[in-house]
Amino acid sequence: MIIKKLYLFGKTTALLFMALFSSLYANSPYIGDLPIEDNQSIWIALFALALVGVLSLFLSSDQVKNLIKKYENMIKIQIELAQKQQRMLEFVGEKIEISTKGIARHRELLTKNSFRTMNQSQYNEELKLFKETETVLLDATHELVDFLKIKSGRLEIVKEQFKLSNMLSEVFGFVSAKMKKHKVEMIYDVDIKVSTEIIGDSKRIEQVLKILASDIIENVDNSILSLSVTKVNNSKSLQFTLSNKDKKMSDEDIDRLFIGESIDESLCTNNKLDLYIANEVVKQMGGTIEVTSSSLRGTLYSVTLPYEINKYVAAPSIEIEKKKILILEKTLYSAETVAKMLMCHNIEVDYCSKDNLHTYLSELYTYDILFVDNSLFSNLLQDKINKGPKDKAPYVVALKNSFDIDVSQKYSIDAKLYKPLQAENLVTLLNSTIKESEKVNNVSNVKLVSITPLVEKKGISRKSFTAFSYAHVLIVEDNYINQKILKGLLGVSGMKITMASSGKEALKIIKSNKELDMVLMDTNMPVMDGYETTKEIRKIYNKKQLPVVMIMGEGFKNDIDKIANAGANTFLHKPFLTGTLYSAFETFVTKENSKVKDITSKLSKYIGNKDILDTQKGIAKAHSAIYYKELLNEVLLTLKESDLKIEEMVLKHEMMNLQSYIIDTIYLCERVGAKRVIVVLKEMNTLFIYKEEIRLKEYIHIYKKALNNLKQEANLYLKSSMI
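Following this note's numbering, the numbering of the sequence shown begins with 1 at its first residue and continues without gaps.
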């Protein structure tokens with residue numbers, strides 16, 4: 001407004017000057033002949049007036065140019081932001097498309113029976129590739145769902161009690177395959193002052209650590225990944241630090257990791273959308289991510305989060321304090337980390353790396369317990385251990401990675417612990433080494449219970465599970481995506497499936513439902529985990545009355561005895577084979593013993609309006625009905641109040657924001673086949689092209705109607721296709 005007034009003033013002054021000048025010459029023919037001193041005041045006034053006018057015009061013109069430039073920059077930034085967000089979604093869509101093409105190719109090979117002509121090595125390689133494409137598809141779906149939640153401001157953070165050890169095991173299980181590929185060893189370094197059970201969003205923290213752990217070992221071979229957990233900021237915060245001495249990053253690389261402006265540039269080359277999501281998740285939890293890198297220390301990813309205490313690790317039995325323990329590890333750092341777990345309980349421990357092993361060789365037989373890295377076993381080591389009396393031979397524990405060769409057949413090994421070690425597993429094993437004669441107050445060890453091993457059955461597909469269409473299975477899993485996967489695998493069988501998202505919910509269902517044939521139980525859940533839940537189930541039903549199959553990650557290999565003692569019948573490793581799951585049903589579920597009297601749950605057919613929602617098109621884009629339903633749910637939630645947002649932007653004349661929002665919404669709707677909404681939005685976008693924004697008000701009601709029709713049609717589809 002001020003600039004406009006200045007411009008008008010300048011223009012008016014200039015015109016006035018011209019008018020006065022013309023008038024003087026027109027009305028006074030003698031003025032030119034007058035002496036200069038007589039007209040000096042007039043000329044000075046006229047010149048000053050002209051100068052003010054010209055200056056006003058100049059200033060106003062310059063300000064207008066600056067404003068136009070700023071406006072153009074704002075439009076440019078807005079368009080770039082919209083394009084960037086669209087590229088994010090397109091990138092995830094491409095990942096889904098590529099992975100599903102791989103799955104389709106394997107399906108074609110199966111149809112043509114091409115696998116029959118392959119040798120075992122070729123078959124294993126094809127199977128590996130098939131599993132990898134499935135993993136990429138699942139990860140891409142996770143990314144897309146989380147991106148939609150972040151974009152719509154619906155990323156929920158929960159606060160609940162969970163076991164730190166369970167979460168760390170899940171992180172290890174996630175990166176174990178990549179660790180094997182790059183020959184990376186993982187070490188946990190958890191401060192004893194950190195409680196074993198803490199309060200927070202375990203799934204979100206786990207998600208962030210998985211992303212960072214996967215990234216920090218990328219393109220680095222033969223290294224050690226350390227995951228430390230410590231208290232900081234006067235114990236008000238908890239810091240998770242992932243470090244890798246062999247990974248080096250420049251300052252420029254670090255600056256580009258989490259900044260939104262650089263995401264579009266790094267998507268296709270570095271797949272960094274997951275890092276963007278990790279950073280946003282940590283922000284939502286009230287925390288920070290810091291990355292440092294140097295030639296000396298390597299790269300460190302530090303995640304700092306609010307810390308709420310629950311309880312601490314139980315100490316080993318008092319008898320362990322009398323034991324003489326030696327730790328033999330490949331590196332001094334690895335040996336020190338294990339030693340710290342014991343020293344905090346006032347247990348004296350000797351430790352050394354393989355470089356100093358010779359200094360302890362002659363004394364090995366004098367120790368009560370030896371913890372030995374799997375790679376250090378040799379005939380010489382075995383001879384030195386056997387040097388002493390047989391009745392006083394050391395208790396030998398092999399410390400091995402899941403991908404290490406098993407040497408227990410060649411050497412005398414009493415027990416195995418899988419890396420990365422956790423204090424809880426270490427304490428349990430130490431307590432099990434105490435002999436009856438050594439126990440104080442005659443306290444007995446926990447009695448180990450056997451479990452039924454499962455063998456993979458070949459040639460099993462989803463349709464094979466129709467053999468158990470009479471059954472009723474309870475799936476206890478807190479991860480919504482994993483629930484969908486299990487539902488998708490078992491849903492076509494016709495069996496009745498009940499879902500529980502927590503241990504407490506599972507117990508409530510079990511107590512009120514007498515028609516359950518089997519329970520599939522995830523080990524890692526907040527508040528009440530799979531072990532505690534199974535113990536409570538066994539107070540109601542024995543193993544024969546209600547079989548429980550525990551589902552455990554790669555990082556839970558040390559917990560097999562724990563699973564057995566909880567009362568589970570058997571276990572499955574994630575990601576489990578379809579044939580192994582079938583074996584579980586075949587072993588524990590029979591028609592004669594089934595508690596289900598009548599199966600009434602059948603899938604209903606959906607006949608909808610394709611002009612509103614083209615589900616077949618949406619499924620084709622998602623390449624899976626399961627992922628389509630998941631995506632459709634998220635899109636519906638994202639669009640829930642979109643009509644109100646559009647109305648507000650139209651009425652407030654926020655045209656840049658509106659156009660960006662329309663472009664984003666069109667892309668989301670295309671992913672699920674929301675045809676009518678897409679038509680309306682594209683018509684609205686056309687108005688911007690032809691500069692007819694004034695007509696946008698007409699579309700407020702039209703869009704509302706299209707959105708309501710979409711909601712009704714989508715809900716009809718989701719309800720009719722529920723498994």
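Any given hint could be a false lead.
[Unchecked claim] List time: in silico BS3-like cross-link candidates among lysine-lysine, alpha-carbon distance up to 30 Å: (1) LYS149 <-> LYS193; (2) LYS193 <-> LYS151; (3) LYS617 <-> LYS544; (4) LYS719 <-> LYS463; (5) LYS236 <-> LYS183; (6) LYS719 <-> LYS697; (7) LYS390 <-> LYS231; (8) LYS511 <-> LYS719; (9) LYS236 <-> LYS180; (10) LYS704 <-> LYS610; (11) LYS180 <-> LYS245; (12) LYS354 <-> LYS181; (13) LYS178 <-> LYS458; (14) LYS181 <-> LYS159; (15) LYS621 <-> LYS574; (16) LYS610 <-> LYS416; (17) LYS159 <-> LYS621; (18) LYS416 <-> LYS178; (19) LYS652 <-> LYS621; (20) LYS323 <-> LYS283; (21) LYS416 <-> LYS487.
No wet-lab data here; the hints were simulated from the structure.
Note that the structure is predicted; figures quoted are calculated from it, not measured.
Tested hints:
1. LYS149 <-> LYS193: violated (35 Å)
2. LYS193 <-> LYS151: Not satisfied, since the Cα-Cα distance of roughly 38 Å exceeds 30 Å.
3. LYS617 <-> LYS544: Cα-Cα ~46 Å, so violated.
4. LYS719 <-> LYS463: Holds - the C-alpha atoms of LYS463 and LYS719 are around 23 Å apart, at most 30 Å.
5. LYS236 <-> LYS183: violated (36 Å)
6. LYS719 <-> LYS697: violated (34 Å)
7. LYS390 <-> LYS231: It is violated: about 45 Å lies between the C-alpha atoms, which goes past 30 Å.
8. LYS511 <-> LYS719: Within the cut-off at roughly 27 Å; holds.
9. LYS236 <-> LYS180: violated (36 Å)
10. LYS704 <-> LYS610: Measuring from Cα to Cα gives roughly 19 Å; hence the hint holds.
11. LYS180 <-> LYS245: Roughly 18 Å separates the two Cα atoms, so the pair holds.
12. LYS354 <-> LYS181: Given pair LYS354, LYS181 holds - Cα atoms ~24 Å apart, limit 30 Å.
13. LYS178 <-> LYS458: holds (27 Å)
14. LYS181 <-> LYS159: violated (35 Å)
15. LYS621 <-> LYS574: This hinted pair holds, its Cα atoms lying about 27 Å apart.
16. LYS610 <-> LYS416: violated (59 Å)
17. LYS159 <-> LYS621: Status violated; Cα separation ~35 Å.
18. LYS416 <-> LYS178: holds (22 Å)
19. LYS652 <-> LYS621: violated (36 Å)
20. LYS323 <-> LYS283: Judged against 30 Å, a Cα distance of about 46 Å means the pair is violated.
21. LYS416 <-> LYS487: With a Cα-Cα distance of about 35 Å, the restraint between LYS416 and LYS487 is violated, given a limit of 30 Å.
Of the numbered hints given earlier, the model fails hints 1, 2, 3, 5, 6, 7, 9, 14, 16, 17, 19, 20, 21; all others are met.
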